[in-house]
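Asker: Here is how the chains run, residue by residue.
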Amino acid sequence: MTVSVKQPETPERRPFASRLGLSARKYGAALGPPVFAVILAMIVGAIVILITRPDKTVDPFTNIINAYSALFTGSYGSLGSISDTLVRVSPLIFASISVAIAFRGGLFNIGAAGQMAVGAMAADMIGLTFTSWPSWILIPTMLLASILAGAIWGGIAGFLKAWRGAHEVVTTIMLNWIAFYGTDFLINSAPFTAPFGVTQTIALPPNAQLPPIAGVYNQIFANGQPVLDTFTYKIDISIFFALIALVVYWFIISRTTFGYEIRVIGQNPKAAKYAGIPTKRNIFLVMAIAGGFAGLAGSTGLMGQPGYNLTATAFSVNPTGFDAIAVALLGQTTAIGILLASLLVGGLRSGSTAMQSLAHVDPNLVLIIEALVLFFVAAEFIPALRRILPRWLRPRFVPTLQAATIDSTVIGVPAKGNGEEQNVVEISDLDKEE
Amino acid sequence: MFFQVLFHALTSSNTWQTALTFAALLVLPALGGVISERSGVVNIAMEGMMLTGAFASVMFTLLFSSLGVNNSLCVILGVLAAILAGGAMALIHGVVSINFKANQIVSGVAINIIALGLTSYLLFVLTPAGQGVPSLPPSLRLPTLTWGPLGNIPWLGEVLFQQNVIFYVAIVILIGVQFLLFRTNIGLRIRAVGEHPQAADTAGVNVRLVRYLCVISSGLLSGLAGAYLALGVAGLFNANMTDGRGFIALAAMIFGKYNPLGTAVACLIFGLGYGLSLPLQDLSSNPNLTYLLQTLPYVFTLIALVGIVGRTTPPAADGIPYEPGGAE
Chain F
1 MTVSVKQPET PERRPFASRL GLSARKYGAA LGPPVFAVIL AMIVGAIVIL
51 ITRPDKTVDP FTNIINAYSA LFTGSYGSLG SISDTLVRVS PLIFASISVA
101 IAFRGGLFNI GAAGQMAVGA MAADMIGLTF TSWPSWILIP TMLLASILAG
151 AIWGGIAGFL KAWRGAHEVV TTIMLNWIAF YGTDFLINSA PFTAPFGVTQ
201 TIALPPNAQL PPIAGVYNQI FANGQPVLDT FTYKIDISIF FALIALVVYW
251 FIISRTTFGY EIRVIGQNPK AAKYAGIPTK RNIFLVMAIA GGFAGLAGST
301 GLMGQPGYNL TATAFSVNPT GFDAIAVALL GQTTAIGILL ASLLVGGLRS
351 GSTAMQSLAH VDPNLVLIIE ALVLFFVAAE FIPALRRILP RWLRPRFVPT
401 LQAATIDSTV IGVPAKGNGE EQNVVEISDL DKEE
Chain D
1 MFFQVLFHAL TSSNTWQTAL TFAALLVLPA LGGVISERSG VVNIAMEGMM
51 LTGAFASVMF TLLFSSLGVN NSLCVILGVL AAILAGGAMA LIHGVVSINF
101 KANQIVSGVA INIIALGLTS YLLFVLTPAG QGVPSLPPSL RLPTLTWGPL
151 GNIPWLGEVL FQQNVIFYVA IVILIGVQFL LFRTNIGLRI RAVGEHPQAA
201 DTAGVNVRLV RYLCVISSGL LSGLAGAYLA LGVAGLFNAN MTDGRGFIAL
251 AAMIFGKYNP LGTAVACLIF GLGYGLSLPL QDLSSNPNLT YLLQTLPYVF
301 TLIALVGIVG RTTPPAADGI PYEPGGAE
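Protein chains in written order, with the numbering used here: chain F, 1 to 434; chain D, 1 to 328.
Since the hints were derived computationally from the structure, they do not count as laboratory data.
Any given hint might turn out to be false.
[What the hints assert, rightly or not] Partner residues aside, some chain D positions facing chain F, computed with beta carbon under 8 Å:
1. Tyr121
2. Val125
3. Gly130
4. Val133
5. Ala251
Quick caveat: nothing in here was measured; it's all calculated off a predicted structure.
Beta carbons: idealized from backbone N, C-alpha and C, even for Gly.
Model the full structure from these sequences, guided by the hints.
Answerer: This is the structure in structure tokens:
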């Protein structure tokens with residue numbers, strides 16, 4: 001139950017300092033549980049190392065310290081490793097927006113992985129076909145193609161959900177596998193496959209690649225002198241696109257009628273329908289938009305790194321599409337939350353290689369940490385811990401998982417606090433009354 | 001040409017044998033999902049529970065074998081360990097989603113991630129030089145049963161009476177779950193808890209207990225499927241060896257409209273798709289076409305889902321943690 005605070009005036013009427021304090025408390029309350037969850041998960045991870053002792057040459061405590069310091073140096077310890085981390089973060093942000101926007105509409109998009117695959121393939125096909133185009137037109141075309149391909153892939157699931165009632169969890173899983181095998185087919189097909197019998201495509205020409213930030217920096221600030229080495233600093237400008245995408249996501253969700261409508265659909269489809277919101281059209285649109293973002297995740301991942309080409313079966317093992325579910329949930333489907341969560345998850349992933357080479361700890365430890373963070377946030381026992389705190393230390397705003405408005409098969413949300421259960425309706429219920 | 005090969009593949013006993021093997025592999029976790037969701041707890045963690053089961057089955061079989069235990073006892077203990085490991089994962093899901101009233105999707109995603117992380121990590125730590133485990137000798141695998149003279153019936157014998165022992169267990173469990181859910185008092189209670197927990201509570205059903213038992217049984221079944229995969233089908237353990245099968249089981253459960261028999265039909269379709277993909281690979285001189293052919297089961301599923309199955313309505317209280325008395 002929320003600690004009751006009398007709130008006679010709205011935040012707008014308060015003096016600036018007070019408003020600042022209010023928002024500090026608000027964001028502190030939202031950030032607190034995830035931060036505690038990370039710390040707690042790291043402690044459990046340390047216990048795992050303590051018990052299993054992966055490196056027998058040092059004592060377990062040194063091993064823990066080595067592992068975590070390697071995890072940090074490998075992810076955010078130097079400019080080079082930060083750049084490597086961002087290479088992972090950038091597609092993760094796009095894919096997480098895809099999952100998150102579907103969650104907001106009460107839909108569970110497990111299909112980000114497949115939408116990424118078709119997006120990357122579409123971009124690759126354009127890039128390898130129109131090699132002579134200048135990059136200022138080729139790159140936008142490739143990005144648009146990936147958005148379109150992803151949107152079609154997501155849109156199919158949305159269409160089937162809205163008009164045929166086919167559950168999106170099933171359809172997106174099916175579409176994933178169709179996408180994986182379909183792209184494998186294209187990757188091995190005549191115009192795109194590399195000539196030397198390896199199951200991968202030809203590398204994209206330089207004019208189809210997103211420029212690395214280091215290269216752009218050299219051009220602008222150093223008159224083309226190689227001040228920053230593009231091999232050390234691999235991150236390309238797609239990270240800026242990802243940040244723009246986050247702003248776009250925030251804008252769609254909280255500043256447009258469409259965003260309002262999909263939030264209503266996500267929370268109560270029946271109410272949405274009675275309010276005259278075109279439920280079916282919006283379900284289709286939200287899945288198409290989700291697919292578009294995931295398509296961008298695929299194409300920017302492909303176009304960012306020089307010499308990177310698509311290999312067969314690469315997508316079915318690429319964890320980004322599934323990590324995105326964790327990131328979207330961890331970030332509570334808010335734009336800022338997704339940014340922070342993908343920096344965390346991307347950092348863990350990227351630092352894990354250093355952890356293996358420097359401290360001889362298996363990189364899969366970071367998966368355990370990631371899962372524990374999710375558990376600790378989901379189980380909300382940090383709010384339970386809150387009750388132990390002295391009253392003046394308690395955050396006034398009880399953070400809730402906004403992601404928790406997924407439809408009833410997948411999830412229904414208890415209306416916490418008032419004890420009444422929310423009336424969760426399946427989309428399919430709506431049609432029965434017609 | 002195509003139809004000739006397809007016809008040949010469809011009538012070959014090999015195809016159907018593989019199809020049934022994979023259908024049994026999918027139906028166990030899918031039935032677990034059915035039980036769990038019928039009681040009102042969303043379970044998308046069959047993948048993780050299966051993987052944990054697969055890992056535990058191989059590791060414990062090898063452990064007991066190295067202790068000098070008799071081979072068949074090793075396998076039995078390995079399967080038991082797998083079932084318990086899957087159950088333990090499910091217990092975590094239960095505690096987090098029933099007691100802590102967490103978002104069950106989040107908990108399920110977390111279970112899947114932690115299962116992948118933990119099994120891969122432990123595989124690295126527990127095996128010498130992190131090499132992983134070798135392929136198991138036939139004596140340490142789940143045996144294939146041949147039903148005496150029945151196994152010699154030309155086509156049917158190969159398909160139905162020369163299957164792995166777990167296949168028959170799966171059939172028994174399938175019939176058992178169908179009977180349990182729709183013909184017994186317990187099943188009525190499970191469904192009541194999933195449809196209207198307040199009413200069930202008023203009628204004296206212990207909502208939490210029923211949900212706990214259902215979630216745990218979904219873990220036990222998924223763990224058994226893991227053992228079947230590792231000790232029966234593959235004979236080894238690899239990191240992430242379930243490779244999305246738990247998600248296919250999830251799809252089969254929804255496809256089958258949360259009904260054990262419907263789910264089994266869905267699993268059979270997926271199994272048949274897999275069984276067909278192998279002979280169809282010889283279809284053309286262009287090996288690349290196999291990739292396209294492998295999409296066929298999924299395309300057919302989509303078509304079937306849209307054309308025949310249509311809407312799926314989950315249990316009314318699925319995913320909603322129960323608040324006794326409607327007050328905090």
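Asker: Return the status of the interface hint for D/Ala251: holds when the least beta-carbon distance to chain F is below 8 Å, violated otherwise.
Answerer: This hint holds: D/Ala251 lies near chain F, its Cβ roughly 4 Å from the closest one there, short of 8 Å.
Asker: Taking the closest Cβ pair, is D/Val133 under 8 Å from chain F?
Answerer: With a minimum Cβ separation of about 15 Å from chain F (threshold 8 Å), the hint on D/Val133 is violated.
Asker: Given D/Gly130 as an interface hint, is the shortest Cβ-Cβ distance to chain F below 8 Å?
Answerer: holds (7 Å)
Asker: Do the numbers back the hint for D/Val125, that is, is its least Cβ distance to chain F under 8 Å?
Answerer: Result: holds, 5 Å to nearest chain F Cβ.
Asker: For the restraint on D/Tyr121, tell me whether the closest CB of chain F is nearer than 8 Å.
Answerer: With Cβ-Cβ at 4 Å, under 8 Å, it holds.
Of the hints listed earlier, the one the structure fails to meet is number 4.
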